[in-house]
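So the sequence lines, in the order shown, correspond to chains A and B. Letter by letter, the first sequence follows residues 63 to 442 of this note's numbering. Letter by letter, the second sequence follows residues -4 to 263 of this note's numbering.
Since the hints were derived computationally from the structure, they do not count as laboratory data. Some hints could be false.
As the list claims (entries may be wrong) - If you only want the chain B side, here are some residues facing chain A, beta carbon under 8 Å, derived:
no.	residue
1	Tyr49
2	Ser50
3	Leu53
4	Val58
5	Gln60
6	Leu67
7	Asn97
8	Tyr102
9	Gly103
10	Arg155
11	Met173
The structure presented is a predicted model; accordingly, all values stated were derived computationally and were not measured. C-beta: ideal position from N, C-alpha, C; glycine also.
Single-letter residue listing:
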Amino acid sequence: MSALDELTAAYEEARADPGFQAELAALLTGYAGRPTLLTEAPRFAAQAGGCRVFLKREDMAHTGSHKINNVLGQALLTRRLGKSRVIAETGAGQHGVATATACALLGLDCVVYMGEEDTRRQALNVARMRMLGAEVVPVTTGSRTLKDAMNEAFRNWVSTVETTHYCIGSVGGPHPFPVMVRDFQRVIGVEAREQVLQAAGRLPDAVIACVGGGSNAIGVFHAFIPDPEVALIGCEAGGDGLATGRHAATLTAGSAGVLHGMRTFLLQDDDGQTLETHSISAGLDYPGVGPEHAWLQETGRASYRAITDAQAMSAFSVLCRTEGIIPAIESAHALAGALQVGPELGRDGVLLVNLSGRGDKDVDIAARWFGHLGDSGAAR
Amino acid sequence: MSLVSAAFEKAAAENRAALVGYLPAGFPSVDGAARAAIAIAEAGADVIEIGLPYSDPLMDGPVIQEAVHRALTGGTHVADVLTTVQAVARAGVPVLVMTYWNPVDHYGVAAFARDLAAVCGSGLITPDLTPEEAGPWLAAADSRGLDRVFLVAPSSSRQRIELVTSVCSGFVYAASLMGITGTRDAVGSQAAELVSRVRDCTSLPVAVGLGVRDGAQAAEVAGFADGVIVGSAFVQRLLAAPDAAAGLTAVRSLAGELAAGVRAGQRR
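Next comes chain B alone, as it looks inside the complex:
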């Protein structure tokens, strides 16, 4: 069983949802991002997503765009992402890389899978890779024992959900609303319905992302999903912090609040 699957099983055994925290590599610095991700894990996140900074982040709103822009102009490279994964994985938490497809395609899919496995990364979340185009990645993931997490959206048809879940492992990423990251203060009402439609197609855990900012919302989502994904709210804390130490304190505090939230949620 993969580390990610084990983390979801552990949460389920504790009758709660898992907490998944996202930060992009390289912001506020390569070391700073790793330290912040470790702080989030120590404060209760079960899985960490490290974003690979990309020039054209189509699924991301202004908050993550700004952090990614600073990471790239600060000179963050793909090699730094792998370094970050290694540092965070050493802290004992499963680490997935969230990446748009072109950087992986350009690196070479098999080489990327090899190098990700070598730094103890657990797999990839791929927002702009469709299952139809994923053949080489699925083969590479299989050969390296990596998880592959794809996304479904409220607009996804039953047929689409069946296709997407058939190639997923670890968990299924359910976008709570039709939109981009970090732009809404509420989880869409469509989220619970989507989770239930996904469960009709798979026994994999379903984690909900987009729109969760605080403990109360985490508790709400934990009431109907197997995992709660939080990204922009963490990044916002780092953007607002006057210095690195304050940033660490802020993300640690938010992670603690969210971890309490996923434990407070009434499970179905």
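With the rest of the complex left out, here is chain A:
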């Protein structure tokens, strides 16, 4: 608790400090590549019922996803706390790579906890983190994925808290993390709202984003919450389908509970034990969700739907072939949502889709899915 109190106080102070905000803004523009582009995707839109589709290009940010927005903020905060070491959890490795990057930039020691299963699935990101000077610790407990990496990071944090900041990668965990990470990510929606007004002359009918822990989604949603005419739609990992039980659709299929220091929706059994999750996307493979999403669902301000692995991979392929953009498989869940929502809007509709990351890290998984490897390389 004392570490959280200390962090809350330091964050409140930093948030109100123009010097901190200016330093962060300078890094976001001069290092991370903000503002990111807004790209209209007309050939993709033709597959989505002919409405207009705009992509918020977080895939163009340094390190290849929106994760850099948050870690730059938390790395600056670490320095402000007088700490020299950062730990992080990672699933697909995007947050781990972003954290290793920010630590290299600011001269901080970095240790990343990653489920052993994920270190195998995402071996290239393990190599990237090590190149950037981070230590990667494979976690061999529990289901050996993101949830267990987070458990292990918490366990380390309690014994190292005097020198170490725990840089949580999503809008989950104990207060102040859900608020702080949302604040660092809300730049996405602030930029996108202005860009879409410029490009379309009006607000979009819907903003669509993928939701694992939910940081990119809250980032793009937040600036639109006061605009009642804009629907906010989150796309969760439906895995093999809700009926199979092999999914990570927390808001669609879960119930209220407490995990990792937050009260939110969870996938849990009759005894309140956390269930194992499944998704083709390691970044969405988490049995909880940021509490602000649970609140947005409960108040009806946002709606959430499950996208299966097959639907996501189909949308992945459509974007590759219509727009020449290879999305992260996480982001492909949002694209699949756009393919569903677009036809409901008709030709006058305007959709904003958050393209939260690029697909370089997923080439291996996608190539296997589509059978593009070796001699069996015919398109599926």
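Assemble chain B onto chain A, guided by the hints.
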């Protein structure tokens, strides 16, 4: 007075610290855990903690994680925890349940308190429940006469210790170091200082957990605390035992050593 308070008073009257032994339910089996806990009580533990096996035991190190993982994959349910509590309580020792919050939250706080009281459980130790969020549990505990034990740590401020001790009953659980269970071979030097800071805020007994493995360490902690909590060292004995009988012998022997330790410690 609760059974737990009475056990601490009895120890104090004998000019010694109380011994609190922990085992998770369901490991090596539901019956096996109950038998091992009873053996620990017979060999001298004053209070027993039964752990409710949970999928995400954030405060526990590898030893307890392994036992809990085996308990869960062996099919241990919350109902089995209550059965275990009943069996151990019948042996005449006060039994607290150590549980992460979500299983209780999911069961329903009032229902859990009712069912725990029905099997003669004495209360809960709640490592991840903060006093700020504990309203429903405090009310349920009051209505069922259950003890509620919360934790303080070396990092806890005076203000925090005041808040935590104001909602505790039975005893206050002082974590001897900043860390998780079963990973250190020594009691942190911060433990004695923490106990003294807690005593400035409350007249409740203060028991120290994390890092006690043998009789000598138990004696050391008994020199400055009202209770000595041992968990991982018992679980380690069960993990290392070739069969259930050997496990029982091993935990009984350790409990005897620890019971002698809390009697050897020089009280302040």
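Here is what the structure says about each hint:
1. Tyr49: Holds, about 7 Å.
2. Ser50: Holds: closest Cβ of chain A sits about 4 Å from Ser50/B, inside 8 Å.
3. Leu53: Since the shortest Cβ distance to chain A is 5 Å, the answer is holds.
4. Val58: Violated - the Cβ of Val58/B stays beyond 8 Å from chain A, reaching only about 12 Å at its closest.
5. Gln60: holds (6 Å)
6. Leu67: holds (7 Å)
7. Asn97: holds (5 Å)
8. Tyr102: holds (7 Å)
9. Gly103: violated (10 Å)
10. Arg155: Interface hint status for Arg155/B: holds (6 Å vs cutoff 8 Å).
11. Met173: holds (5 Å)
When each numbered hint is compared with the structure, violations occur for hints 4, 9.
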